[in-house]
Amino acid sequence: MNYASFLIRSAIFDFSRSKAKTLLTSLGILIGVLSVVLLIAFGLGLKKYIQNQFESLGTNNLRLVPGKIINSGGGFRASPGSLGGISFDEKDVVSLSRISDLDLVVPVFTRSQNVSSDAKTEFSDIYHTTADVFPALNLNVTDGDLFTKEEVEKRSKVVVIGPKLAEKLFGSAEAAVGRTIKIEKVAFKVSGVLDSKGGGFGGPDLDSFVYLPYKTGYVFNTDKKFVAMIIKAKSDTDLGLVKQEITEVLIKRYKEDQFSVIEQTEILDAISSIFNIMNTVLVAIAAISLVVGGIGIMNIMYVTVTERTREIGIRRAIGARKIDILAHFLVESVILALFGGVMGLILAYLIVLAIQTLFPAYINIQSVLLALGVSSFIGILFGVFPAKKAADLSPIDAIRYE
Amino acid sequence: MIKLSEIWKEYELDGDVVFTALKNINLEINDGEFVGIMGASGSGKSTLMHVIGLLDKPSRGNVFLDGRDISKLDDNETSTLRNEYVGFVFQQFNLLNKLTVLENVLLPTVYARKKLGYDSNEKAMSLLTRFGLTDKVNSYPNKISGGQQQRVAIARALVMNPRLVLADEPTGNLDSKTGEEIIKLFGELNKEEKITIAIVTHEPNIAARTKRIIKIKDGEIIK
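Which chain is which? The protein sequence lines are A and B, in order. Here this note's numbering is used: the first residue of the first sequence is 1, the next is one more, and so on. Here this note's numbering is used: the first residue of the second sequence is 1, the next is one more, and so on.
In short, the hints are calculated from the structure, not lab data. These numbers come from a predicted model, not from an experiment. One or more hints might be untrue.
With a Cα cut of at most 25 Å, we get these calculated DMTMM-like pairs of lysine to aspartate or glutamate [unchecked claim]:
id	chain 1	residue 1	chain 2	residue 2
1	A	K388	B	E77
2	B	K215	B	D31
3	B	K23	B	E33
4	A	K389	B	D75
5	A	K182	A	E150
6	B	K98	A	E402
7	A	K322	B	D75
8	B	K98	A	D14
9	A	K224	A	D89
10	B	K143	A	D14
11	A	K243	A	D103
12	A	K182	A	D132
13	B	K114	B	E84
14	A	K255	A	D89
15	B	K114	A	D392
16	B	K57	A	D14
17	A	K389	B	D14
Sequences and hints are given; from them, build the entire structure.
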């Protein structure tokens, strides 16, 4: 009989004789692993979701915003000047458009207002912008048409709306096309409905936006100012260099701390780092239950050692060394912990599978390895003390134990 | 083969009271002997057996195995010697009820550090066959009679081909007829296989079956 397989076999044999006890003992680890793995899965899913959102909004994008935004240690902090600071105008659009590395310069003015159909009223974000916003953000219509450059110049009273808003106001995307919506008593024709970009999990609800030709929007935006610009660089250009070029142009009109040019990835990094911190804290809290589970195993192992004192004595009498007895009990506690870990993992997988349609959680190979590694470690850590106690029993006292 | 020289065993009881279980024991057991260690309960005969079998260490004195002092070895070395050179038979049988008869007999081989010169499975089977337990191989010890259990224990004691078999009141839990059979078995093993056997007992008629009787009283050898 191979020694290792002998140890594992006798451990499993002992467990199969007391199934309920084994199950209850590993329950602590099961719950611990379940909560840790689920939290990691949720964190990963959320992060991936946000990443996809950003990617769907187009790459090579920069954002020009007023005020100095300081990127400190992964998080963003707005300087006092950013609130009520400068705003941009058509002159800036023209001067920025002269930079040859830029593909699109899209000015944006946003405002939240009531938008109503005949039947309903919804509170919505309204983007006053150019027709270039659609290629810059990878937006396309499912029904109707996007508004054109000519319509912007002619100040046509048309809008393009998100699918969620279309559904809320008109019942469906198809039904919305050609209909009229009112923004503060001004009527607009819905020329198109966009495809879904998702959103809503803490971020902006992109599917409920209204896109309005900015020149038409001057009726609301009487200062003719913009709060931001979406800038799309030509592909294969160095975004760092482009940022510098933009700064050189704007510095002629504004002070250096009055505006910021941010890369999409910087925003993503900032959000990711916040999520990472949150997730780490949650996982650390959940890990406490793993420790509690480990203590449960230690407790039961101490009882087991006492129950099997005579058996230990018999094994010692026929030649088992201290290390053999230690191995016996250590293998048992590790198997107990691993069993709990594997069950927790399976349960976590089933839960992730069940909620997949509602939430983009997923389990990666690292969390599987982490769960198994941590379980084994806990088995060793909390098993070593009872096992040591067993090994240190005097053979003579153990064999006489009644 | 085994020689005890000026062995003392003392236990500290509560406080400063010291109980002396063995007093200046000098004893030699030679290869092929069949020895009875006789004494009343509390005389120290079991302690003596534990010292001879390396289950316990003397407080003072030396134990020599083939001339080598084995009383100062560490736990690993004494465990290995227990495994290889001695086989124990207890009054309580001390079989593991969760293992089958065959697995119980094979248990010492699991802890063997040396390579056995024979197939342990075959050896166990031949012992069980010899002891008339062929049909009990896959039974569990608590499902067979006391006499059968003790024979399984003897098979376990023999599976490693030990130099010495130590039996502590092997008939104490058996009726007189079964006890008689067990003693007869020891006699045969000694005579036919030349196995060195020491039986610890308080019964004069059991001791009388051995070839040499060592009487012990209050921790001292009196004869």
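Outcome of the hint check:
With a C-alpha separation of about 19 Å, the suggested pair K388/A and E77/B falls inside the 25 Å cut-off, and the hint holds. Our distance criterion of 25 Å between C-alpha atoms is met by K215/B and D31/B, whose separation comes to about 20 Å. Of the pairs offered as hints, the one joining K23/B and E33/B holds, with about 24 Å between alpha carbons and a cut-off of 25 Å not exceeded. With a C-alpha separation of about 15 Å, the suggested pairing of K389/A with D75/B holds against the 25 Å cut-off.
With a C-alpha separation of about 22 Å, the suggested pair K182/A and E150/A falls inside the 25 Å cut-off, and the hint holds. The hinted pair formed by K98/B and E402/A meets the criterion: a straight-line CA distance of about 17 Å does not exceed 25 Å. Restraint check for K322/A and D75/B: satisfied, since their Cα atoms lie roughly 7 Å apart, inside the 25 Å limit. For the hint linking K98/B to D14/A, the alpha-carbon distance of about 8 Å falls within 25 Å, and the restraint holds.
The suggested pairing of K224/A with D89/A holds, with an alpha-carbon distance near 7 Å, which does not exceed 25 Å. Of the pairs offered as hints, the one joining K143/B and D14/A holds, with about 19 Å between alpha carbons and a cut-off of 25 Å not exceeded. Using a Cα cut-off of 25 Å, the hinted pair K243/A and D103/A holds, with the two alpha carbons roughly 13 Å apart. Between K182/A and D132/A the alpha-carbon distance is near 24 Å, which keeps this suggested pair within the 25 Å criterion.
Among the hinted pairs, K114/B with E84/B is consistent with the structure: their alpha-carbon atoms are about 9 Å apart, no more than 25 Å. Taking the CA atoms of K255/A and D89/A, the gap is near 16 Å; set against the 25 Å cutoff, the hint holds. Only pairs whose Cα atoms come within 25 Å are accepted, and K114/B paired with D392/A is accepted, the gap being roughly 24 Å. For the hint pairing K57/B with D14/A, the CA-to-CA distance comes to about 32 Å; that exceeds 25 Å, so the pair is violated.
About 23 Å separates the Cα atoms of K389/A and D14/B, which keeps this hinted pair within 25 Å; it holds.
Comparing the model with each earlier hint shows a violation of hint 16 alone; every other hint is respected.
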